[in-house]
Amino acid sequence: MFRNYLTIALRNIVGNPLFSAINIVGLAIGLACCVVISVFVNYELSYDKHWKDADRVYRVTRDFFSNDLRLVRIAPPIGPLLAEDFDEIEDMTRALQAIGMSLSRGDVSLFEENMVVADENLFEFFDLEFVAGDRETALAVPTNIVLSERAAHRYFGSEDPLGQTLSIMGQIDATVTGIFRDLPDNTHMAFEVVGSIQMVPVMMGPDALQSWGSNNYFTYLRLPPGYDPADLESRFESFLIKHRGENAPGGTALGLQALTDIHLTSNRDAEWRPNGSLAVVYTFSAVAFVVLLIACVNFMNLTTARSTQRAREVGIRKVVGATRGQVTAQFLGESILLTAIAMLLAVAIVELSLPAFAAFLEKPLTFSLADPTTLLILLAGTLVVGLFAGSYPAFFLSQFRPVEVLKGVAAGSGSGLLRRGLVVFQFATSIALLIATGVVMAQMHYAKTMDLGFSKERNLIHALPFFADLWETYEPLRVELEQHPDIQSVVYSSRVPSMQNLDGSGYIAEGQQLTGETSIGLSDIKVDAHWFEHYEVEFLAGRPFRANEMRIAAPTEENPVVKGWTVLNESAARRFGWSAEEAVGKVVREPMNRALTLFIDREVVGVIPDIHFSSLHDEKKATLYAEPNPRYARYVSVRIAPGDPAAAVEHFETVWQRLVPNEPLNWFFLDDSFDGRYRAEARQAKMFAMFSAFAVFVATLGLFGLASFTTERRTKEIGIRKVMGASVRDIVWLLTSDFTKLVLFANLIAWPVAWYFMSRWLTRFAYQAPFAEWAWLFVAAGFAALAAAWLTIATQAGRAATSRPVLALRYE
Amino acid sequence: MIEMHDLTKTYRTSNVETTALDGINLEIAAGEFIAVMGPSGCGKSTLLNVMGMLDTPTDGRYRFLDSVVSGKSERELADVRKAHIGFIFQSFNLIDELSVRENVELPLLYQKSAGSERRRRVDEVMERVGIAHRADHRPPQLSGGQQQRVAVARAVVSRPELILADEPTGNLDSANGEEVLNLMSALNEEGTTIVMVTHDQSHADHASRTVNMLDGRILSENVVSMATGSEARHVS
Numbered sequence: 000m001f002r003n004y005l006t007i008a009l010r011n012i013v014g015n016p017l018f019s020a021i022n023i024v025g026l027a028i029g030l031a032c033c034v035v036i037s038v039f040v041n042y043e044l045s046y047d048k049h050w051k052d053a054d055r056v057y058r059v060t061r062d063f064f065s066n067d068l069r070l071v072r073i074a075p076p077i078g079p080l081l082a083e084d085f086d087e088i089e090d091m092t093r094a095l096q097a098i099g100m101s102l103s104r105g106d107v108s109l110f111e112e113n114m115v116v117a118d119e120n121l122f123e124f125f126d127l128e129f130v131a132g133d134r135e136t137a138l139a140v141p142t143n144i145v146l147s148e149r150a151a152h153r154y155f156g157s158e159d160p161l162g163q164t165l166s167i168m169g170q171i172d173a174t175v176t177g178i179f180r181d182l183p184d185n186t187h188m189a190f191e192v193v194g195s196i197q198m199v200p201v202m203m204g205p206d207a208l209q210s211w212g213s214n215n216y217f218t219y220l221r222l223p224p225g226y227d228p229a230d231l232e233s234r235f236e237s238f239l240i241k242h243r244g245e246n247a248p249g250g251t252a253l254g255l256q257a258l259t260d261i262h263l264t265s266n267r268d269a270e271w272r273p274n275g276s277l278a279v280v281y282t283f284s285a286v287a288f289v290v291l292l293i294a295c296v297n298f299m300n301l302t303t304a305r306s307t308q309r310a311r312e313v314g315i316r317k318v319v320g321a322t323r324g325q326v327t328a329q330f331l332g333e334s335i336l337l338t339a340i341a342m343l344l345a346v347a348i349v350e351l352s353l354p355a356f357a358a359f360l361e362k363p364l365t366f367s368l369a370d371p372t373t374l375l376i377l378l379a380g381t382l383v384v385g386l387f388a389g390s391y392p393a394f395f396l397s398q399f400r401p402v403e404v405l406k407g408v409a410a411g412s413g414s415g416l417l418r419r420g421l422v423v424f425q426f427a428t429s430i431a432l433l434i435a436t437g438v439v440m441a442q443m444h445y446a447k448t449m450d451l452g453f454s455k456e457r458n459l460i461h462a463l464p465f466f467a468d469l470w471e472t473y474e475p476l477r478v479e480l481e482q483h484p485d486i487q488s489v490v491y492s493s494r495v496p497s498m499q500n501l502d503g504s505g506y507i508a509e510g511q512q513l514t515g516e517t518s519i520g521l522s523d524i525k526v527d528a529h530w531f532e533h534y535e536v537e538f539l540a541g542r543p544f545r546a547n548e549m550r551i552a553a554p555t556e557e558n559p560v561v562k563g564w565t566v567l568n569e570s571a572a573r574r575f576g577w578s579a580e581e582a583v584g585k586v587v588r589e590p591m592n593r594a595l596t597l598f599i600d601r602e603v604v605g606v607i608p609d610i611h612f613s614s615l616h617d618e619k620k621a622t623l624y625a626e627p628n629p630r631y632a633r634y635v636s637v638r639i640a641p642g643d644p645a646a647a648v649e650h651f652e653t654v655w656q657r658l659v660p661n662e663p664l665n666w667f668f669l670d671d672s673f674d675g676r677y678r679a680e681a682r683q684a685k686m687f688a689m690f691s692a693f694a695v696f697v698a699t700l701g702l703f704g705l706a707s708f709t710t711e712r713r714t715k716e717i718g719i720r721k722v723m724g725a726s727v728r729d730i731v732w733l734l735t736s737d738f739t740k741l742v743l744f745a746n747l748i749a750w751p752v753a754w755y756f757m758s759r760w761l762t763r764f765a766y767q768a769p770f771a772e773w774a775w776l777f778v779a780a781g782f783a784a785l786a787a788a789w790l791t792i793a794t795q796a797g798r799a800a801t802s803r804p805v806l807a808l809r810y811e
Numbered sequence: 000m001i002e003m004h005d006l007t008k009t010y011r012t013s014n015v016e017t018t019a020l021d022g023i024n025l026e027i028a029a030g031e032f033i034a035v036m037g038p039s040g041c042g043k044s045t046l047l048n049v050m051g052m053l054d055t056p057t058d059g060r061y062r063f064l065d066s067v068v069s070g071k072s073e074r075e076l077a078d079v080r081k082a083h084i085g086f087i088f089q090s091f092n093l094i095d096e097l098s099v100r101e102n103v104e105l106p107l108l109y110q111k112s113a114g115s116e117r118r119r120r121v122d123e124v125m126e127r128v129g130i131a132h133r134a135d136h137r138p139p140q141l142s143g144g145q146q147q148r149v150a151v152a153r154a155v156v157s158r159p160e161l162i163l164a165d166e167p168t169g170n171l172d173s174a175n176g177e178e179v180l181n182l183m184s185a186l187n188e189e190g191t192t193i194v195m196v197t198h199d200q201s202h203a204d205h206a207s208r209t210v211n212m213l214d215g216r217i218l219s220e221n222v223v224s225m226a227t228g229s230e231a232r233h234v235s
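Quick note, the sequences are listed as chains A and B, same order. The opening position of the first sequence corresponds to residue 0 in numbering that gives the first Met the number 0, with each subsequent residue numbered one higher. The opening position of the second sequence corresponds to residue 0 in numbering that gives the first Met the number 0, with each subsequent residue numbered one higher.
Heads up, some of the hints might be wrong.
To be verified - With the C-beta cut set under 10 Å, the calculated list includes, among others, these residues of chain B facing chain A:
| id | residue |
| --- | --- |
| 1 | Tyr61 |
| 2 | Phe88 |
| 3 | Leu93 |
| 4 | Ile94 |
To be verified - Straight-line C-alpha distance at most 25 Å; calculated SDA-like pairs for lysine to any residue:
| id | chain 1 | residue 1 | chain 2 | residue 2 |
| --- | --- | --- | --- | --- |
| 5 | B | Lys111 | A | Tyr4 |
| 6 | A | Lys362 | A | Tyr4 |
| 7 | B | Lys111 | A | Ala328 |
| 8 | B | Lys111 | A | Arg400 |
| 9 | B | Lys111 | A | Gln398 |
| 10 | B | Lys71 | A | Val326 |
Everything labelled a hint here was simulated from the structure, so no lab data went into it. Note that the Cβ used here is the ideal one computed from N, Cα and C, for glycine as well.
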């Protein structure tokens with residue numbers, strides 16, 4: 000019996016090439032989308048699960064209320080104090096990203112992007128595997144350094160690095176005491192070079208590790224098995240009061256994040272590197288599922304549409320003794336067989352496309368049939384999809400009554416209403432996906448082209464050396480660079496646009512007492528006198544800094560209040576209750592010590608508009624601009640004249656290498672960096688576009704099949720109508736009007752759904768493309784779907800309409 | 000074998016009620032060859048469908064092989080069909096995607112008979128109807144006469160006690176039609192009960208009894224005495 004089913008199934012597949020091809024190709028695309036996305040989702044879910052005791056490791060976070068900072072890094076004393084105060088903390092470790100460090104060995108000097116200094120127990124805490132050296136003592140000495148295999152290769156090639164020396168910033172000679180296996184890619188952390196945290200006091204002063212203001216240390220805790228982290232969190236407030244006084248909880252709070260949740264759910268300030276997003280995982284899972292669903296709908300529609308072809312067979316089988324169950328089983332078997340063929344094709348598609356997809360996502364995604372779990376999932380998937388796609392046709396076909404179908408009474412070609420519903424569903428989802436793609440792209444375009452409030456073009460950016468006195472490096476560099484005809488201006492600042500600016504502190508308006516309420520949290524950016532001119536920032540009121548306002552004396556016991564100057568942005572002025580004009584001439588007081596005895600009184604010399612400093616995800620922050628301060632990491636911005644930048648860049652490199660020989664070149668162009676802020680979105684937009692294209696393609700494929708069957712079924716009718724005098728246009732309209740109505744109806748469903756989801760998506764951006772800029776997409780997507788449907792049907796209808804009627808009538 | 004008492008079948012659409020069978024009383028003994036005649040739409044095919052349990056009567060009693068048919072489930076009816084009844088249709092109703100052999104084999108598959116037994120019986124019956132040489136062809140490759148012989152082979156392969164034939168010669172030329180009738184006569188002589196709907200008096204002459212129908216009723220039954228060739232007419 001099984002052979003009989005198989006025979007008839009295979010002959011049906013071969014005997015109806017159009018039907019089979021549409022179903023197999025559609026299902027294969029749907030299945031391939033699902034497999035690829037599952038591989039991606041599975042990978043996203045695997046982050047940080049591989050670490051030792053991953054389920055009970057937590058990261059400590061710190062929030063600052065006054066300037067809305069939600070940090071994943073905390074001050075260095077907090078970790079040890081927590082471990083001291085709370086017995087349930089089994090273990091604690093800290094790591095500080097040492098940004099802007101250069102390491103050199105002989106002539107080789109590299110800018111090290113992935114260096115951290117960490118507690119001695121970091122390796123044991125996460126159970127990192129050592130390939131050389133002793134894990135327990137590797138960081139026992141402050142000048143020891145441990146490298147990943149990749150970093151070791153970078154500096155030492157095939158030599159044995161153990162016991163060798165690397166110079167950090169040309170100042171500290173560090174001894175390599177261990178080599179660890181490279182971190183896997185599926186972790187939220189990123190480091191390749193690990194120095195001892197004890198280097199911090201050496202480099203930054205003896206009290207550096209006691210500072211509560213330096214919130215730069217990733218801090219991880221291990222809690223006992225089964226312990227509820229909320230228990231610990233609830234006692235953080237009293238911890239802050241104990242160590243920072245009664246007022247501390249009003250300004251700041253500590254929290255815990257489960258290690259394994261960080262990648263997909265943490266979207267805080269100052270992460271190791273951009274994390275993934277649960278929303279993206281959900282979205283792409285849903286979209287892949289939709290493509291598969293559309294393919295399943297094709298199968299249902301086409302199978303029931305051509306049911307007249309199978310009706311007689313069902314009748315005969317029942318006459319010779321088949322039960323309804325047997326007929327159902329037969330058709331389910333057929334759909335499973337078809338799905339299995341599609342799955343084979345899908346696996347081939349996945350094998351071919353996954354490397355490109357992985358490269359596109361920059362993730363090491365792999366797919367192997369040798370893995371029994373994968374194989375099992377594919378088999379189960381085939382079964383589930385086959386049963387689902389076949390369920391309705393099997394139910395529908397098996398209910399045919401032999402008397403009727405054998406007598407030739409039209410068995411009906413399936414519930415017309417349901418099939419129309421399914422076509423509407425297919426097109427509604429396709430249209431919604433098209434709109435979604437369009438909105439994502441419109442927002443990208445908006446972000447890239449909107450007026451940021453400053454000019455980002457032709458700006459070469461380089462970090463200045465970390466240790467040297469700012470003026471020693473900067474001034475001669477500026478003078479030499481500006482001599483080149485292609486270099487228009489050179490300025491200095493603590494941050495450059497496109498970076499997240501997390502620097503900030505509390506200020507008060509002159510004449511007020513500093514309390515929790517009067518303190519106004521502002522971001523601050525240190526700039527030199529020409530910065531506003533360089534970035535072409537307009538002034539709402541007042542003027543830019545003057546050169547003599549750039550160097551001010553530090554307040555002392557003898558002279559506790561010194562005079563300074565500042566430029567505010569509009570939001571900052573408003574925070575003090577001033578309009579732009581009112582603000583000019585007012586004084587803002589900046590406390591300089593915890594005891595609140597030393598101040599700088601800054602006179603507001605100018606007010607600028609809020610400029611989009613980082614990405615459109617972030618709101619423009621209330622910001623105070625002030626003179627340079629050598630304590631901060633610093634950047635030089637070089638504006639190059641329009642035209643080919645090569646000569647200017649070359650000049651920059653030559654001058655840099657001469658004036659700052661120990662510092663490797665590491666420049667970038669500002670607009671590239673800005674584009675980089677939207678890379679995740681740009682990638683999502685591309686993926687969206689791809690999936691929408693698949694969805695539309697599969698839906699159109701189905702419509703093509705459906706139209707061809709409808710046309711075939713109505714061949715006789717068309718013949719008669721033509722004999723009666725119908726024109727080609729009449730016939731084409733006869734056949735297309737029905738589907739046209741369905742596609743139009745699909746628009747009515749797709750529009751509100753797309754609007755709902757996309758306006759929610761846009762809320763992720765502080766600055767959103769206005770509705771007017773993407774409203775046309777709704778109409779465009781509708782027309783695109785209609786055009787696809789028309790083209791598909793019209794080719795069929797045209798062929799039927801132009802054939803000689805006698806051929807159609809001879810059909811009977 | 001078959002007892003029908005006051006059997007009625009009506010079809011109802013939203014505003015029209017059609018009576019296809021109107022108080023049918025009919026008994027058929029095992030081994031009979033019955034021809035059912037009458038004009039188009041008189042209820043011949045409906046009678047055959049009800050007899051073959053492809054359709055259920057609206058009213059009345061139907062006993063088949065001494066058991067009451069009404070009230071049996073779809074599944075039980077399918078079991079009775081596959082065990083006892085073979086069908087032959089005017090339009091052959093072969094499955095185009097299956098070969099001659101596979102078409103003939105179909106009833107045995109649903110009866111779950113063993114593979115070797117199945118092959119033996121299929122070969123035997125194909126030989127008998129003279130279609131063995133086309134065993135691996137598909138129905139569309141055969142002539143009408145050949146197709147109907149395949150249908151006959153399929154109907155008899157499971158050795159049913161009853162064969163229901165709905166105008167088996169209707170689509171055939173006279174030579175082929177005669178051949179099919181001879182096949183059926185031979186089966187009848189071996190003891191198979193046959194009920195055949197036909198339009199053609201000469202074909203009805205092969206039967207031992209003719210049932211004439213009009214407007215859903217049985218008008219008359221002619222019994223042909225095979226020995227004398229004379230007719231006895233009962234008017235009901």
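Satisfaction of the B/Ile94 interface hint, Cβ to chain A closer than 10 Å: At 5 Å from the nearest chain A Cβ, B/Ile94 passes the 10 Å test, so the hint holds.
Can we keep the B/Leu93 interface hint, with Cβ of chain A closer than 10 Å? Holds, because the Cβ-Cβ distance from B/Leu93 to chain A comes to roughly 8 Å (cut-off 10 Å).
When you check the alpha-carbon spacing of B/Lys111 and A/Arg400, does it fall within 25 Å? holds, 23 Å
Given the hint that B/Lys71 pairs with A/Val326, does the C-alpha gap stay at or below 25 Å? Holds, at about 20 Å.
Under 10 Å, Cβ to Cβ, is where B/Phe88 needs to be relative to chain A, so tell me if that hint holds or is violated. Where the cut-off is 10 Å and the nearest Cβ of chain A is about 6 Å from B/Phe88, the hint holds.
Does A/Lys362 pair with A/Tyr4 here, judged by a C-alpha cut-off of 25 Å? Violated - the C-alpha atoms of A/Tyr4 and A/Lys362 are around 44 Å apart, more than 25 Å.
Interface hint status, B/Tyr61 versus chain A (Cβ within 10 Å): Violated - the Cβ of B/Tyr61 stays beyond 10 Å from chain A, reaching only about 15 Å at its closest.
Between B/Lys111 and A/Ala328, is the straight-line Cα distance small enough, at 25 Å or below? holds, 16 Å
Assess, step by step, whether the Cα of B/Lys111 is no farther than 25 Å from the Cα of A/Gln398, and give holds or violated. Judged against 25 Å, a Cα distance of about 23 Å means the pair holds.
Measure nothing beyond the straight line between the CA atoms of B/Lys111 and A/Tyr4; if it is 25 Å or shorter, mark the hint as holding. holds, 14 Å
The structure fails hints 1 and 6 (numbered hints given earlier, in ascending order).
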